[in-house]
Amino acid sequence: MMDIGVRKVGIISCSGEALPEGTLSRVACRKVLDDLRPGKSVTICLPLFIAGGEEERRFAARYPTITVDGCEKLCAAKATQMFSGKPSKSLLIREILKSRGLARPTRLRHLGEDQKAVAQAVAEDIAKAVDEVLGES
Amino acid sequence: MDKRGKKVAVMACSGIGKAFGALARETTYELVERVRPDTAVTACLSLLVIGDPEARRLVTENPVIAVDGCPKECAKKSLESQGAEVTRAYQAIDFYKAHKELKPEGISELNEAGQRLAAIAADELAEVVDVLVARENK
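Chains A and B, in that order, give the protein sequences.
Here our numbering is used: the first residue of the first sequence is 872, the next is one more, and so on.
Here our numbering is used: the first residue of the second sequence is 21, the next is one more, and so on.
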């Protein structure tokens, strides 16, 4: 990987519209970008990435990436691999929840306080992954 | 598929970088959950990219509405790349242009104005869903 001066990680959320874990992925990733690791992480818009966004694909090919998927179909990880190369880390929301003993989300939108707390916990795991990737690169 | 059982697939871009992606997502939820739960359905847009057969069948065998956040039209392009014929395409930014008093803000969580705008947009799209369903079930 080239030395980019300011090290950043691209975070790619599946944001799956049809499952609550997709919403959780989206919310947790934004927390990392806005609150937990601003300046160290950037978002790569998956729809733009897969629709042929050259800038997004170039970024993902040159910089380390972390994909965050809601379910085992791993759309974000597979799309990243397909268009720009293997992600540095591929996280699965359901595995994070299981490892932390947290309940699976039930809502597609308008998260309640309980699910916001779950999103915060997931975001902390993503932030840890950002640190690990930056430490390795 | 039984022709009379056809539904309208509503696919949102859900862009994570701008409030208009959130508005597209919220409009879609308003449409499939509140306004037309019996005739409108959604699926994960990203499933199309990995060639998920069920998602592909949904968008190739039913009328499709694409709701994008911005003029880059990622949802529409993703649908077309999988052979779907996009029956109607919308950009959430146009909903705002038509209702300037409701400025959507926030990405994880839309502000109140954004949520009201999504509800209005979904009410408007409901008429389109009705027309498409009636046409399919003739």
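Since the hints were derived computationally from the structure, they do not count as laboratory data.
One should not assume that every hint holds.
[Unchecked claim] Pulled from the structure, derived: some chain B residues nowhere near chain A, Cβ distances all over 10 Å: (1) A139; (2) E147; (3) E156.
[Claimed, not checked] Using 30 Å as the maximum straight-line C-alpha spacing, the simulated DSS-like pairs for lysine-lysine come out as follows: (4) B:K26 <-> A:K911; (5) A:K957 <-> B:K120; (6) A:K957 <-> A:K879.
All figures in this text were calculated on a predicted structure; none of them were measured in a lab.
Don't be surprised by glycine CBs; every beta carbon is placed ideally from N, CA and C.
Now the hints, each set against the structure:
1. A139: At about 12 Å from chain A, A139 (chain B) clears the 10 Å cut-off, so the statement holds.
2. E147: holds, 22 Å
3. E156: holds, 21 Å
4. B:K26 <-> A:K911: Violated, at about 46 Å.
5. A:K957 <-> B:K120: At roughly 43 Å apart (the allowed maximum being 30 Å), K120 (chain B) and K957 (chain A) break the hint.
6. A:K957 <-> A:K879: Answer holds: K957 (chain A) to K879 (chain A) is near 16 Å, not above 30 Å.
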